[in-house]
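S.K.: Sequence:
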Amino acid sequence: MLDSNPDSRITIAEIREHPWVTQDGTFALPSKQSNCENSVTAITQEDVDSVIQPIFDIMPVILAVAKLRRFRRRIREKRERLEREAQERDLLLSEGQPEATVQPDDLQQGTEDTPTR
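Position 15 (the sequence shown) corresponds to 15 in the working numbering; numbering is contiguous.
For the record, the hints were derived by calculation from the structure and aren't laboratory data.
All figures in this text were calculated on a predicted structure; none of them were measured in a lab.
Glycine residues also receive a C-beta, built at the ideal position from the N, C-alpha and C atoms.
Wrong hints could be hidden among the right ones.
Each pair of labels, with its calculated beta carbon distance range [as the list claims (entries may be wrong)]:
id	residue 1	residue 2	range
1	N38	I12	18 to 26 Å
2	A28	M1	15 to 23 Å
3	P6	Q33	21 to 29 Å
4	V21	I62	47 to 55 Å
5	D3	G25	23 to 31 Å
6	Q45	E85	53 to 61 Å
7	Q87	A28	53 to 61 Å
Build out the structure end to end from the sequences listed, making use of the hints.
M.R.: In structure tokens, the structure reads:
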């Protein structure tokens with residue numbers, strides 16, 4: 001199927017009968033005719049008229065597009081911030097500086113600066 005030469009490339013008919021596709025003949029594909037019988041139905045003018053509607057008020061469309069742009073911008077900014085933080089963390093680790101973390105013992109027992117109850 002990946003052969004760029006159409007003369008030597010496998011055909012659709014050969015693919016449909018290939019042992020890998022049919023699981024060595026245990027799973028036969030339907031015939032070409034029965035597979036394509038009901039794939040496309042006729043589209044009537046009524047179908048077209050019911051789908052295509054005029055836009056009388058463009059403002060909701062403009063607001064929706066603006067909201068989508070804001071949402072995409074927030075996602076992009078968050079991704080960039082996370083990438084920046086990861087790069088900064090990687091830089092600190094590569095320089096041999098330990099990453100600032102909070103130890104579970106610090107949360108339970110308090111620190112020297114804060115009294116425990």
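S.K.: The structure should be examined with respect to each hint, and the outcome stated for every one.
M.R.: Verification of the supplied hints:
Distance hint check for N38 and I12: the Cβ-Cβ separation is about 19 Å, which falls inside the suggested range of 18 to 26 Å. Judged by the Cβ atoms, the range 15 to 23 Å given for A28 and M1 holds: they are separated by roughly 20 Å. Taking the beta carbon of each, P6 and Q33 are about 24 Å apart, inside 21 to 29 Å as hinted. Here the CB-CB span from V21 to I62 is close to 49 Å, well matched to the stated 47 to 55 Å.
Between D3 and G25 the CB atoms are about 24 Å apart, so this pair conforms to the stated range of 23 to 31 Å. Distance hint check for Q45 and E85: the Cβ-Cβ separation is about 57 Å, which falls inside the suggested range of 53 to 61 Å. With their beta carbons about 55 Å apart, Q87 and A28 fall inside the hinted range of 53 to 61 Å.
Checked against the numbered hints given earlier, the structure satisfies every one of them.
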